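Undergrad: So the sequences go chain by chain: A and B. Each residue of the first sequence is one higher than the one before, starting from 4 at the first, in our numbering. Each residue of the second sequence is one higher than the one before, starting from -13 at the first, in our numbering.
These are computed hints drawn from the structure, not numbers from a lab. A portion of the hints provided could be inaccurate.
To be verified - Going by beta-carbon spacing under 8 Å, a handful of chain A positions derived as facing chain B: (1) V7; (2) E9; (3) A10; (4) I13; (5) G16; (6) N17; (7) F20; (8) D31; (9) G32; (10) H35; (11) R50; (12) E54; (13) P56; (14) M58.
Said to hold, decoys possible - Label-pair ranges, simulated between beta-carbon atoms: (15) E300/B - R24/A: 19 to 29 Å; (16) E220/B - M4/A: 27 to 37 Å; (17) D8/A - H325/B: 21 to 31 Å; (18) D209/B - G63/A: 37 to 47 Å; (19) Y18/B - A10/A: 45 to 55 Å.
As the list claims (entries may be wrong) - Over 10 Å on every C-beta distance to chain A, these chain B residues come out as not near it, computed from the model: (20) S74; (21) F104; (22) L152; (23) D178; (24) D194; (25) E220; (26) Q291; (27) P298; (28) F344; (29) L369; (30) P381; (31) V382; (32) A395.
Note that this is a predicted model, so its numbers are computed, not measured. Just so it is clear, CB atoms sit at the ideal spot from N, CA and C, and this is done for glycine as well.
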Amino acid sequence: MIEVDEALCIGSGNCEFLAPRTFRVEDDGISHVLPDGAADADAAVSRAIDECPAMAIRRGEP
Amino acid sequence: MMTTTAETTVDLLDPEDIVDAILARHALAMAYEVPWRLYGVLRSLGPAYRSERYGMWVLTGFDGCLAALRNPRSDLGRQVRADAAKGSFNAMKKASTMLYLEDPAHTLRQRRLVAKAFTPQTVQHMKDFTRQRVGELLADLAGRSRFDFFDEFADHIPVAVICQMLGVPREDVPIFREWTRMMAPSTAAVIDHSRTAQIEEAVRGLHDYYADLIPRHREKGTDDLLGRMIRAHEEGDRLSEMELISLSTFLLSAGSDTTSQAMTAIVRLWAAHPAQYEEIRRDRALLGNAIEEAMRHSGPVHYAQPRYLREPLELDGLTIGVGETVLPIVAGAHRDPDHFDDPDTFDIRRADTRHLGFSQGMHMCLGAPLARLELSTALGMVLDEFASVTVTQDPVPYVDLGPMRGISAMGVEVTR
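With the hints as extra help, turn the sequences into a complete structure.
TA: Here you go:
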């Protein structure tokens, strides 16, 4: 279960670039987790979490 | 025990001398594996080494570097603001870009506004341009089995991409390449003052150029990155003229040498491992990890900008207090045996290739998606074009790139 903290997100889009089937920056300028979140490789999602400049993405409880 | 190159001798038993060699005596230009030997010596002394001469804590382990980069209230700009107060034009320009702002909230405000222009779609749009430019460069090299990979290939790509993004006409790309070169030494942790005049000249040249370009873009409402940055707004807030000029200058210097040096370092490493080169050529699903692993093993940025701590940094058995300065040597982190198995081995199938080459935390590279797109596009075309690449001479070091381990010439021999 991946979560984006909307209060922290700055919409950099790095997560969408790294894991495009998991994250999308919408018109509101905030990254949203797409419903089919298991479609990207786990390593790509981990990199997206590590490299979020706002440190806004985390793995929640499943 | 001493280790030497033509210009530099380092006393491996004296950590102070090692730090001085890294920061001020071009240790990054020494024989290939030497810098990592230096980081290994420092790492063996503990989680951080306090340099009395430079008044900073040097970090060479993975955990320490990661903690320093993610420290939410560290400040990169104290020295820059001090230099700006003394009247340095370059420092005045730098002081208004997000990397050097004092208040993290101001950094995040600028990042938010720039992100509205620098979107994943904007980056994807550059793929076709990159393919086209790389195609032209490869066509120019057709029929030649020997050429200079840096000077005749890699060095032309990122600057052309940034100029295209900013809406700078093609005929002006050579002068931008020259300005980038002149500005490069300003990123060093310890500034070489003999370079001040050339840095100021380049920054003034860029300032005047953008001061002329921005109003024309504003009037025409262009759809390039600069036009989008001009129009970007959030709750009535916009980037000022000064910010637009500083950010454009910053994007050019942050996005040019870094990527061309990464491309050159990656090919150097691939060429030294021909069996792995052949594997990537046959199975392009390996390309992404082969790039990330090369960034870990030999990424060009050796150290991040020094951070002034406004929150203590807790390391393994050591607390570094508020007011201290830390220098994260990420190239040391990338070879930390406590984090990576067999860290000196280059392995394109390595499972954990998470590296700090684009930093992490609040100052995580804004252009990482663009850099990755340029690298995968250009290197994919290199793999298509050349059945093998051999480096025919020891690459000539480029000593003027601050924290980067640079190459200014790399002769290669290729087969098709």
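Undergrad: Does each hint hold? Answer for all of them.
TA: Hints, one by one, checked against the model:
1. Evaluation of the V7/A hint against chain B yields a violated restraint, the C-beta minimum of about 14 Å exceeding 8 Å.
2. Residue-level restraint check for E9/A is violated (minimum Cβ-Cβ distance to chain B is 13 Å; threshold 8 Å).
3. For A10/A, the shortest C-beta to C-beta distance to chain B is roughly 11 Å, which exceeds 8 Å, and the interface hint is violated.
4. The interface hint given for I13/A holds, since its Cβ lies 5 Å from the closest Cβ of chain B, which is under the 8 Å cut-off.
5. The criterion of a C-beta within 8 Å of any C-beta in chain B is met by G16/A, whose closest approach is roughly 4 Å, and the hint holds.
6. At a threshold of 8 Å, the smallest CB-CB gap from N17/A to chain B is about 6 Å, leaving the interface hint in force.
7. Interface hint status for F20/A: upheld, as the beta-carbon distance to the closest one in chain B is roughly 4 Å, under 8 Å.
8. The interface hint given for D31/A is violated, since its Cβ lies 11 Å from the closest Cβ of chain B, which is over the 8 Å cut-off.
9. With a least beta-carbon distance of about 6 Å to chain B, the hint placing G32/A at the interface is held under the 8 Å criterion.
10. Checking H35/A against chain B by beta carbon gives a least distance of about 13 Å; that is not within 8 Å, so the hint is violated.
11. Look at R50/A: its Cβ gets to within about 6 Å of chain B, closer than 8 Å, so that hint holds up.
12. With 8 Å as the threshold, the beta carbon of E54/A comes within range of chain B, its nearest partner Cβ sitting at about 6 Å, so the hint holds.
13. The criterion of a C-beta within 8 Å of any C-beta in chain B is met by P56/A, whose closest approach is roughly 4 Å, and the hint holds.
14. Interface restraint check for M58/A: the shortest CB-CB distance to chain B comes to about 6 Å, inside 8 Å, so the restraint holds.
15. The given range of 19 to 29 Å is broken by E300/B and R24/A, whose C-beta atoms sit roughly 36 Å from each other.
16. Taking 27 to 37 Å as the suggested C-beta distance range, the pair E220/B and M4/A conforms, at roughly 29 Å.
17. Taken as a hint, the range 21 to 31 Å holds for the pair D8/A and H325/B, whose Cβ atoms sit roughly 27 Å apart.
18. Evaluation of the 37 to 47 Å hint for D209/B and G63/A yields a pass: the beta carbon distance comes to about 38 Å.
19. Between Y18/B and A10/A the beta carbons are some 46 Å apart, a value that agrees with the proposed interval 45 to 55 Å.
20. Every C-beta of chain A lies more than 10 Å from that of S74/B, the closest at about 27 Å, which supports listing it as non-interface.
21. Against chain A, the non-interface label of F104/B is violated: not every CB pair exceeds 10 Å, the least being about 7 Å.
22. With a closest Cβ-Cβ approach of about 18 Å to chain A, L152/B is found to remain outside the 10 Å limit, as its non-interface label requires.
23. Taking the minimum C-beta to C-beta distance to chain A, about 30 Å, the non-interface status of D178/B holds against the 10 Å cut.
24. No Cβ of chain A approaches the Cβ of D194/B within 10 Å, the least distance being about 30 Å, so the stated non-interface status holds.
25. Not every CB of chain A lies more than 10 Å from the CB of E220/B, the least distance being 7 Å, so the non-interface label is violated.
26. Remark: the non-interface label on Q291/B is consistent with the geometry, its nearest Cβ contact in chain A lying 15 Å away (cut-off 10 Å).
27. For P298/B, the shortest C-beta to C-beta distance to chain A comes to about 18 Å, beyond the 10 Å cut-off, and the non-interface label holds.
28. The beta carbon of F344/B sits about 7 Å from the closest Cβ of chain A, which is not more than 10 Å, so the claim that it is off the interface is violated.
29. Non-interface status of L369/B relative to chain A is upheld: no Cβ of that chain comes within 10 Å, the nearest being about 21 Å off.
30. The claim that P381/B lies off the interface holds: its Cβ sits roughly 29 Å from the closest Cβ of chain A, which is beyond the 10 Å cut-off.
31. Chain A leaves V382/B outside its interface by the beta-carbon criterion, the shortest separation being 32 Å against a cut-off of 10 Å.
32. Its beta-carbon lying about 32 Å from the closest one in chain A, A395/B satisfies the requirement of being farther than 10 Å from that chain.
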